[in-house]
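A.B. asks: This is what each chain is made of:
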Amino acid sequence: MKPRLLEIRKGVLEKNDLLAEGLRARFQAAGVFTLNWVSSPGTGKTALLEATLKQMREQGQRVAALVGDLATENDAHRLARSGAPVRQIVTGGNCHLEADMIESHLARSGWDLNDLDFLFIENVGNLVCPSSYDLGEDLRVVLLSVTEGEDKPLKYPSMFNSSDVAMITKIDLAEAVEFDRAAAYANLETMRPGLRVFETSAKTGRGLTEWIAFLAEQRAARLASRSQG
Amino acid sequence: MHELSIAHSLIETVEEALASQPDLRVTAVNLQLGVLSGVEADSLLFCFDIATADTRLAGAKLQIESVAARAFCAACGHDVSPVAPHWYRCPECGAVCAQLSAGRDLQIASVEVVENNEERANEAPSA
Ligand SMILES: Nc1nc2c(ncn2[C@@H]2O[C@H](COP(=O)(O)OP(=O)(O)O)[C@@H](O)[C@H]2O)c(=O)[nH]1
Ligand SMILES: [Mg+2]
Ligand SMILES: [Zn+2]
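If you read the protein sequences in the order shown, they are chains A and B. For the first sequence, position 129 matches number 129 in our numbering, and the numbering has no gaps at all. For the second sequence, position 27 matches number 27 in our numbering, and the numbering has no gaps at all.
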């Protein structure tokens, strides 16, 4: 019995993509600007996010965060110090967040999206797997610390390729580790021409003002595009 | 490693596509995998065999067709295949190509199936 060929033509992650599109529409309708933060473990996502949440709250922005972790709730405790509403997503070994986790945690959070201006999602520390999963974000932010090597972008093309903004973190340590700024920028530009790059330090606060102003601009632009179409 | 999640999604997608044909057993899955999909072919093959056990894809072959990156270069007017690490650079003229038209693919093109009952009929000694 010879097998028959049946055409399927379906994306393997179509379900996730559809859920993500649904989330994106909800965020858009509620005026929530959403960011998906991705990096290796230890790059400084939680530290920078805590500083970002704190400053934005002081400016009267309504912010909240979802944070993914393989096993612990530590990051949520750190982020909650900013005073912002925070929810931990323990993935139980899953090395990335998926759209259905965002959806179910939002449902259980009791948050009203209409009461939020920004939603930050800290993904699981991993530069490979999260690249395949759309979470409905407006902006994918990839973080690269000065301590982890300027050639990271070349080693993880899918992640850097699919990101909208890059953050060079721990810039306070740049001199100590002889960070090669030109090489880092050249590699980022290779992976994604025109990629917007910020340099920040969660420790000294350097670069935060510019970064937060950029976020406000991006949200305003998104809201304007919504009212037009 | 997310290849196990990918394998489960793959099985789910096939199951859904064949939901109205419960008598079909899958003998092969033809998958298009982009070089920039972020999915490792070897890990996926390994996970596929594990994940398909006890499904109607059990024993099926995963046949992976690697899909190169493709872009249209506005500068020289050619359809080109950029290569690592210069995914956004035209290999012919060196200009920046901002948009990739292929390379992130993670798509099931087709499956090969047999009828479960026909197969049983074939196995039985023809009296
Ligand atoms: N010097 C310095 N250390 C930092 C900075 N940001 C984070 N760290 C440290 O780097 C380590 C990992 O940071 P964390 O925020 O947990 O990284 P995550 O795994 O990406 O969330 C911690 O020990 C932080 O104190 C920074 O801007 N400067
Ligand atoms: Mg963290
Ligand atoms: Zn060209």
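One should not assume that every hint holds.
[To be verified] One-sided excerpt, in silico: chain B residues whose CB lies under 7 Å from chain A:
#1 H2
#2 S9
#3 L10
#4 T13
#5 G34
#6 L36
#7 P85
#8 Y88
#9 V96
#10 L106
#11 Q107
#12 I108
#13 S110
#14 V113
#15 V114
#16 N117
No wet-lab data here; the hints were simulated from the structure. All residues carry an ideal CB built from backbone N, CA and C; glycine is no exception.
A.B. asks: Failing hints, ascending?
C.D. replies: 5, 16
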